[in-house]
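Mind docking chain B with the ligands on chain A? Use the hints.
One letter stands for each residue in the lines below.
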Amino acid sequence: MQKSFVMRNPSTLVFLGALAMFTILVTVLAEGSGAGLISTSFVKTLGKTLCLALIAVAMDLVWGYTGILSLGHFAFFGLGGYMIGMWLMYERTRGIVEASLAEAKIPPTAQEVTDAIGNQIFGVVGSSEFPIIWSVADSLALQLALVVLVPGALAAAFGWLAFRSRVTGVYLSILTQAMTLALALYLFQNDSGLRGNNGLSGLQNLPGLDHVAQSTVSIWFFWASAFALALGYLFAAWMVSGKFGSVIRGIRDNEARVRFLGYPVETYKLFLFTVTAMIAGIAGALYYPQAGIINPAEVAPIASIYLAVWVAIGGRGRLYGAVIGAAFVSLVSSWFTGGQVPDVNLGFYTVKWVDWWLIVLGLSFVAVTLFAPKGIGGLFDLWSEHRSPNRHGADLGPSAGSLQEKEAVE
Amino acid sequence: MNSLLEVSGVSVSFDGFKAINNLSFAIRSAELRAIIGPNGAGKTTFMDIVTGKTKPDEGRIIWGDLSRSLLGMSEAKIAQAGIGRKFQKPTVFEDQTVEENLVMALKSKRSPFAALFYKRSPGDMRRVEELAGEINLADQLYRKAGELSHGQKQWLEIGMLLAQDPQLLLVDEPAAGMTPAEREHTTALLVEAAKTCAVVVVEHDMEFVRRLNCRVTVLHEGSVLAEGSLDHITANQEVIDVYLGR
Ligand SMILES: Nc1ncnc2c1ncn2[C@@H]1O[C@H](COP(=O)(O)OP(=O)(O)O)[C@@H](O)[C@H]1O
Ligand SMILES: [Mg+2]
Chain A
1 MQKSFVMRNP STLVFLGALA MFTILVTVLA EGSGAGLIST SFVKTLGKTL
51 CLALIAVAMD LVWGYTGILS LGHFAFFGLG GYMIGMWLMY ERTRGIVEAS
101 LAEAKIPPTA QEVTDAIGNQ IFGVVGSSEF PIIWSVADSL ALQLALVVLV
151 PGALAAAFGW LAFRSRVTGV YLSILTQAMT LALALYLFQN DSGLRGNNGL
201 SGLQNLPGLD HVAQSTVSIW FFWASAFALA LGYLFAAWMV SGKFGSVIRG
251 IRDNEARVRF LGYPVETYKL FLFTVTAMIA GIAGALYYPQ AGIINPAEVA
301 PIASIYLAVW VAIGGRGRLY GAVIGAAFVS LVSSWFTGGQ VPDVNLGFYT
351 VKWVDWWLIV LGLSFVAVTL FAPKGIGGLF DLWSEHRSPN RHGADLGPSA
401 GSLQEKEAVE
Chain B
1 MNSLLEVSGV SVSFDGFKAI NNLSFAIRSA ELRAIIGPNG AGKTTFMDIV
51 TGKTKPDEGR IIWGDLSRSL LGMSEAKIAQ AGIGRKFQKP TVFEDQTVEE
101 NLVMALKSKR SPFAALFYKR SPGDMRRVEE LAGEINLADQ LYRKAGELSH
151 GQKQWLEIGM LLAQDPQLLL VDEPAAGMTP AEREHTTALL VEAAKTCAVV
201 VVEHDMEFVR RLNCRVTVLH EGSVLAEGSL DHITANQEVI DVYLGR
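Chains as they are written, first to last, in the UniProt record's numbering: chain A, 1 to 410; chain B, 1 to 246.
Some clues are possibly wrong.
Computed far set for chain A versus chain B, every beta-carbon distance over 10 Å [to be verified]:
#1 Phe42
#2 Gly126
#3 Gly242
#4 Ile293
#5 Ala372
Lysine-lysine pairs mimicking DSS-like chemistry, simulated, CA-CA at most 30 Å apart [said to hold, decoys possible]:
#6 B:Lys119 - B:Lys77
#7 A:Lys243 - B:Lys107
#8 B:Lys89 - B:Lys18
#9 B:Lys107 - A:Lys374
#10 B:Lys107 - B:Lys89
#11 B:Lys119 - B:Lys55
#12 B:Lys55 - B:Lys18
#13 B:Lys77 - A:Lys243
#14 B:Lys18 - B:Lys109
#15 B:Lys109 - B:Lys119
#16 B:Lys119 - B:Lys107
#17 B:Lys107 - B:Lys77
#18 B:Lys53 - A:Lys243
#19 B:Lys195 - B:Lys53
#20 B:Lys18 - B:Lys53
#21 A:Lys243 - B:Lys109
#22 B:Lys55 - B:Lys89
#23 B:Lys89 - A:Lys243
#24 B:Lys119 - A:Lys243
Calculated directly from the structure, the hints in this document are not laboratory data.
We treat Cβ as the ideally placed atom computed from N, Cα and C, and that holds for glycine.
Chain A with its partners taken away, still in its complex shape (with noise of 0.2 Å):
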């Protein structure tokens, strides 16, 4: 009696099949793996872009579906960006450290070449010892299960204090930033663990593959990328399209009300506070080998403040909103900023775009929010107005109007 999965979310599929092309398209153009028209650093730019489509899917799911607006995410991204990243530099320092080694005339023994690691790796921030959580750096499969459990646990630990003492709205806000901006400073400093402000570098060098080119490992994150970004998108779109869906919304409408229905408002929260976090953490560890660096101001709050702004901006409350706000302002964002635009020049003033970016970015959003709340992803309900939707097979009732209409394909 009930539709499959797929027949109810027709979006998702129309989703997956736009992501594959795009993959097949870019994977045909690019240099390491077809015609060359598509430069390295660009195929890892449309890869970065991917995994921030990733995180504000993570996004829409916690603001845009259940009501919090998280304005902490980035600190997750982040932390799981420097969760691999232990891995990349210990395991690249090793192998560095261990060929250089190899010339002198005594074998060196385990403490050695791990204290040359230790110099190499801590040598800017004046240490030579491993810091307790680089204990087991040297292990891909449990690094790997830090990238989600890492930002799985900040946030069951900020989630459950935050939300057992109902702290919502503009409060709860304020707090994810004063947590982020917490991980931020205590990231800054020196005796972190992590290197400071000089953060892990050299992650675009996958320890074992220096024989590789760039432009085969671009082409292989890009792949990861889009892989990662279609299963969270999978995984998100059958979290919001049963029950859990229903209550998710119904907290986000009427918290109370949820409450009085029996249904534990605040372990839901916690819930998808944590599971949202934990693929916050996957984005980040698929984006940071592709940037090459990651240092503390990665996780500054401006960075989840952008992140609800991209959601905004493509229309939050649906997944392929959070999608297009973040692939299209990030990518509109470093076309402006990276100085590829030409400077207006007005006589009196010269508009330099690098500046006047971000205000151009803060008036679209206020724009959006004052004028098309729906933002970019309101635009499907325009074209979508003039098919005619079915939903459960049924009509729409008496007075179906264009309202219901385009509420209906949601």
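Below, chain B with the ligands without anything else, positioned relative to chain A:
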């Protein structure tokens, strides 16, 4: 007397103002009860206390066969224990269909995992259709609740209460803003519900209360002023002075 809910000596004050003052109240299972009283008498606050929204300063609230105390239980736990509540202002999830509203309310496990893996069973869907029939919304199942008329929303909310399969229903001013025909149907719904579970109805409209044909409790300044049949109440001089006479 074995009562389903027993509230005794409950008081609560807001900033020094005693909204509920040493209130005692009891209801048996499958009993219908009306609560009347002037505005500000504490009727809504009484429901807030029973459903866990407001914590009383003192007093006891004993629930069910096991005589459990409701004090210290969360709203969700109290709802799971079998107490359903309808708010004064109709609160349904306007962005969702009538069907989704009812499915969400349907008695089932409430944890996130249970909701994630919930599958609509034929039995559940039959129950939803049955409920939709009872609340006159059978042909509106796939409409968004926000598009319903005010009266229909009230019914939907009552339907959601019934879907929870509760032992006690607390219904705050269900007939407010309804047409006479709608009121009549609402009365029938509540009387029908009271055959299987206890129902407490707060209502101002005396005609409505008369049709409920049940025991009446009069609240005034946070405590019970009188209790008995409607005829008994309407003959009570004190009640006439503070409420009926005005
Ligand atoms: N949360 C609150 N804070 C302060 N005063 C309140 C609160 N809730 C109710 N009151 C006061 O308690 C009294 C009883 O209110 P209420 O229970 O809503 O009355 P009724 O439903 O009988 O009209 C009113 O005077 C109201 O102003
Ligand atoms: Mg009231």
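Broken hints, numbered, in rising order?
3, 9, 11 and 14
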